[in-house]
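Construct the entire structure; sequences and hints are all you get.
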Amino acid sequence: DTEVTQTPKHLVMGMTNKKSLKCEQHMGHRAMYWYKQKAKKPPELMFVYSYEKLSINESVPSRFSPECPNSSLLNLHLHALQPEDSALYLCASSQAGYQETQYFGPGTRLLVL
Amino acid sequence: ELKVEQNPLFLSMQEGKNYTIYCNYSTTSDRLYWYRQDPGKSLESLFVLLSNGAVKQEGRLMASLDTKARLSTLHITAAVHDLSATYFCAVASYYGGATNKLIFGTGTLLAVQP
Numbered sequence: 030d031t032e033v034t035q036t037p038k039h040l041v042m043g044m045t046n047k048k049s050l051k052c053e054q055h056m057g058h059r060a061m062y063w064y065k066q067k068a069k070k071p072p073e074l075m076f077v078y079s080y081e082k083l084s085i086n087e088s089v090p091s092r093f094s095p096e097c098p099n100s101s102l103l104n105l106h107l108h109a110l111q112p113e114d115s116a117l118y119l120c121a122s123s124q125a126g127y128q129e130t131q132y133f134g135p136g137t138r139l140l141v142l
Numbered sequence: 084e085l086k087v088e089q090n091p092l093f094l095s096m097q098e099g100k101n102y103t104i105y106c107n108y109s110t111t112s113d114r115l116y117w118y119r120q121d122p123g124k125s126l127e128s129l130f131v132l133l134s135n136g137a138v139k140q141e142g143r144l145m146a147s148l149d150t151k152a153r154l155s156t157l158h159i160t161a162a163v164h165d166l167s168a169t170y171f172c173a174v175a176s177y178y179g180g181a182t183n184k185l186i187f188g189t190g191t192l193l194a195v196q197p
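Chains as they are written, first to last, in the working numbering: chain A, 30 to 142; chain B, 84 to 197.
If you're looking for bench data, these hints aren't it; they were derived computationally from the structure. Each residue gets a CB set at the ideal place from its N, CA and C atoms; glycine is no exception. Treat each hint with caution, since some may be false.
Calculated cross-link-like contacts (lysine to aspartate or glutamate; reagent style DMTMM-like; alpha-carbon spacing at most 25 Å) [unchecked claim]:
no., chain 1, residue 1, chain 2, residue 2
1, A, Lys47, A, Glu96
2, B, Lys184, A, Glu87
3, B, Lys86, A, Glu96
4, A, Lys69, A, Glu81
5, A, Lys67, B, Asp149
6, A, Lys38, B, Asp121
7, A, Lys82, A, Glu113
Examples of chain A residues toward chain B, derived with CB under 7 Å [claimed, not checked]:
no., residue
8, Pro71
9, Pro72
10, Leu74
11, Gln111
12, Pro112
13, Gln131
14, Phe133
15, Pro135
Written as structure tokens, this is what we have:
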């Protein structure tokens, strides 16, 4: 199984809502990532988990809260988002190690109204 | 700080023609990745180039890496419409331990016209 899955595929939320994005992989990867991608731009790293511990936080606002409940799951909790947070949110996973290839999920397209 | 630049940003080409996308990066790295992204879709891994002089080919795409020049190229041979997509190169930036951060190039939007 070489697949990273993400749910939901699309999400519309108001600025006062609380929602969560979910990512799952069963490749035995011990590193998982959240990226944000705006239209016509490259993906930008938000968070990295390595062995279920947060190892990189790219100065992301606290309205984004990551969680890694186990080695296969990665969540991104959203609260009080702004319209400018509307984007494609991509999850990726890789073997834990320097320069291992990252495999991306299909993404969640988020619209904040 | 590692920076990755691609050119051109947009490439319109006719079917059957050849062209090259260039990827320059600012600091030493011995592994470079190429990804493809279709509109509204996720990123698909195309190539991983592991060392200086590495060359990989898949169908009409061929990627190469020159670590001394900090340059990778993605060559398209006899383009077909199915190759229309955005292509990203990416370089890993080491954070220590088992962690790496992928720095993406600006992307090249390829449009193959019939």
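Going through the hints against the structure:
no.	hint	result
1	A:Lys47 <-> A:Glu96	holds (15 Å)
2	B:Lys184 <-> A:Glu87	holds (10 Å)
3	B:Lys86 <-> A:Glu96	violated (29 Å)
4	A:Lys69 <-> A:Glu81	violated (31 Å)
5	A:Lys67 <-> B:Asp149	violated (30 Å)
6	A:Lys38 <-> B:Asp121	holds (16 Å)
7	A:Lys82 <-> A:Glu113	violated (28 Å)
8	Pro71	holds (4 Å)
9	Pro72	holds (6 Å)
10	Leu74	holds (6 Å)
11	Gln111	violated (22 Å)
12	Pro112	violated (20 Å)
13	Gln131	holds (6 Å)
14	Phe133	holds (4 Å)
15	Pro135	holds (5 Å)
The structure does not agree with the numbered hints 3, 4, 5, 7, 11, 12 stated previously, though it agrees with the rest.
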